[in-house]
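Undergrad: Position chain B against the provided structure of chain A, taking the given hints into account.
Residue strings, one per chain:
Number of protein chains: 2
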Amino acid sequence: MREAAGTRTATVMEAIRTRLASRALSAGDRLPSIRGFAGAMGVSPSTVVEAYDRLAAEGLIRARQGSGFYVANLAPPLALAEVGPRLDREIDPFWVSRQSLDADAETAKPGCGWLPADWMPNAALRRAMRRLARADDKVLSDYGATRGLTALRRLLARQFAGEGLDVGPDRILLTGSGTQAIDLVCRFLLRPGDTVMVDDPCYFNFRALLRAHQASVVGVPWTPGGPDIASFAELAAAHRPRLYITNSALHNPTGATPSAQVAHRVLNLAAEHDMAIVEDDIFADFEPEPSPRLAALDGLSRVIRIGSFSKTLSASVRCGYIAARGDWIEALIDLQVATSFGGASPVAAGLVHSALSDGSYRKHLEALRRRLARARRDMAGRLEALGVSPWLMPRGGFYLWCGLPEGCDAAAAARSALADDVVLAPGDVFSVSQTASGFMRFNVAQMGDPHVFTVLERSLRAAKACG
Amino acid sequence: MREAAGTRTATVMEAIRTRLASRALSAGDRLPSIRGFAGAMGVSPSTVVEAYDRLAAEGLIRARQGSGFYVANLAPPLALAEVGPRLDREIDPFWVSRQSLDADAETAKPGCGWLPADWMPNAALRRAMRRLARADDKVLSDYGATRGLTALRRLLARQFAGEGLDVGPDRILLTGSGTQAIDLVCRFLLRPGDTVMVDDPCYFNFRALLRAHQASVVGVPWTPGGPDIASFAELAAAHRPRLYITNSALHNPTGATPSAQVAHRVLNLAAEHDMAIVEDDIFADFEPEPSPRLAALDGLSRVIRIGSFSKTLSASVRCGYIAARGDWIEALIDLQVATSFGGASPVAAGLVHSALSDGSYRKHLEALRRRLARARRDMAGRLEALGVSPWLMPRGGFYLWCGLPEGCDAAAAARSALADDVVLAPGDVFSVSQTASGFMRFNVAQMGDPHVFTVLERSLRAAKACG
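Protein chains in written order, with the working numbering: chain A, 1 to 467; chain B, 1 to 467.
If you are wondering where the hints come from, they were derived from the structure by calculation, not from laboratory data. For clarity, every value in this text was computed on a predicted model and none was experimentally measured. Be aware that a few hints might be false.
These stretches of chain B come out as covered by chain A in the derived footprint (C-beta under 8 Å, 3 or more residues) [stated by the list, open to error]:
(1) 171 to 182
(2) 309 to 319
(3) 358 to 371
Note that the Cβ used here is the ideal one computed from N, Cα and C, for glycine as well.
This is chain A alone, in the form it adopts within the complex (with noise of 0.2 Å):
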């Protein structure tokens, strides 16, 4: 009986919770009343006090004389981890970023987004550091100029226009890194409750971006030729998105390219709903040939390019780029300089423009290319032998998409991975839909120690077993 008024008073305290972390309770706003929630919960008024009593303790709430119970203040207003539905908690789109980001050095990560460091320029990055180890103090010393290292925005107007995409450098801005660069663009155009429209499956740290920026999201089902055309202009149409994020040139996860009939496609709905697109491209250094661009198409005028060099330079060096409009490049630069007071920092900027001005860079690409090659073949065919088959073989790039073997599910073959140091990407943390319990994202360059397919084969039993 006590035990049951307990479970009772726990479940009041974890619905206060869930309206907390969802923030449909905010900092300040009074709680429902007593006697109110009391019958919305089924439950005694005392219980309903006593758990908003437990709440106070706990500093998540505070009582004020005569005028009930208030949400404090301090209580975390923004747990990003907690927002969201159950579901959504239980496979959360920080549970890659985090356990690959904070693995030791034993842990095996295929689930993870870079190359080993061993498959990195590293002697150009040393001999870049040892240049500007002699450089002039001001480059040490100085805050760069707001758009950021004029070199480096020269050489990659330069590598745009071989791309037909004409932007002069001014248009050009430097950030910290790609994802600072679409949470500036999320700044500029975004306001809580704005919709926003990507691909499903898609990088799953969108998804934790815009949850930061409380967006509403929308996925358009994504195909092997691009998003589905079909959908995309129904959910523009029902949602009026204000953006769509993307990515063009090797799609994250699955590894495929629009076509070029899709993207043409894709830009008119943009234009006739009056959406700006983010356009992705930190994969682009990585195709066999250009594919046809949504910048390039575009001219800039709704599209928005990003990128960064933290695939195939340096996930270390940290910088990334916007190419956009002169207009939101001007608006872009006050809101990095009141966020950040500044964007790439210049002894960054420096290293990475005199690491791709190094001889070997173009070199280090190509052989790249080879190698990953090599390993989507080798690690496919190994995959295949348990069952997991890819969804579509990648013209470039580290990444194959798989679909498991009949009733495994990824999330609990994740979990138990995990507990043997391997860390895998379940599906379903780049399902807005939550429909990709089934599939799973291989890094084929981080799949090399064999340790990874003997945890995997167990992994995928006991999920099965477990499913």
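TA: Positioned in the frame of chain A, the structure of chain B alone reads:
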């Protein structure tokens, strides 16, 4: 007559632009009806039609068949520099940062917030860079752990312990910069419309940052002994601010230090009104001896300590930190992963740690304090000679907050000086109440060039004439 009509149209267009900038009108909102707005503006409906058509031609608004005019989604929604009252646009919190950051090498910057490059420990930085060029591949290529380089967090924890603040490395989070640290905290604690208290005057970028968060800002009058406690109590009671942002060690722009008594009272008022406090310690290393610190008194229960290495080590190597409650750090990590995919670059954190551990760093700080003490004395004397008198003589740092000669408008002087390639910092950019037009902040380390005083004298005369 036609000109008059043109003027009236322009007036209507400007009125709409202001509503867009201030977000009184936002994406998708319907514009006021032709007839209604004509009445409100005292013009003919045809004038409003003309104005709306021109704004539509500019792409700011769109006509919808039969249902009037609507704000276009792509109308820049957050042009920060445009937000706020007209007066504020005249003297914008971005004015000093944009002018100083983008100034060419010839421009003198007594208005800027950093030391000349040749005052910084560049030799130590170069050594650090050569050491890093020999570091492990992972350091050069990998994303770091979510909290940032452990060695640097341990070093900070030891330093804090020395100042009477006991906090484990796990409660320290490295960020991309000091500004980014405050921004992250604001994202965690604030929602649009929340009230934040700052000092009046305060660092101008606090005002810019809080605009980006669409916070409503109240300024507490600042005295030579810290915030005016009576006003602090009144404002806290009247506006129930969620957060107070301050520099306690050496206040920017005045260089004043709160007394222990004031610090203690501020904490009690914050507790009484359930406010969080951000203590921006960025100038702490310039203190001759440590002053009473809010974070140490409070033990990081409601105080969040932030800082960076931009003022004493390098502004080019971007790295800041947050020390706060453990549960807050966890939420801030998620937020930083979502919005930057990590904080300080491992390369940057490595450089900072290596340079701070360099035997020469302590000597550099001591020499820097002596050099600045001399510079404060000398420049104060030379400013007095122009009738420019320091509000107080700071214990440390490089700022002098000075009253201008009677009838001199700081903004006018700053604009005139800019024409002569000298960037000044007019008082009102620091003032929420816009009551500092007779003040200016000087950076004594940036006034070595005699040209500065020639231009300053000329600008003051010009400002007086025009004032």
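Undergrad: Looking back at the numbered hints, which does the structure fail to meet, lowest number first?
TA: 3
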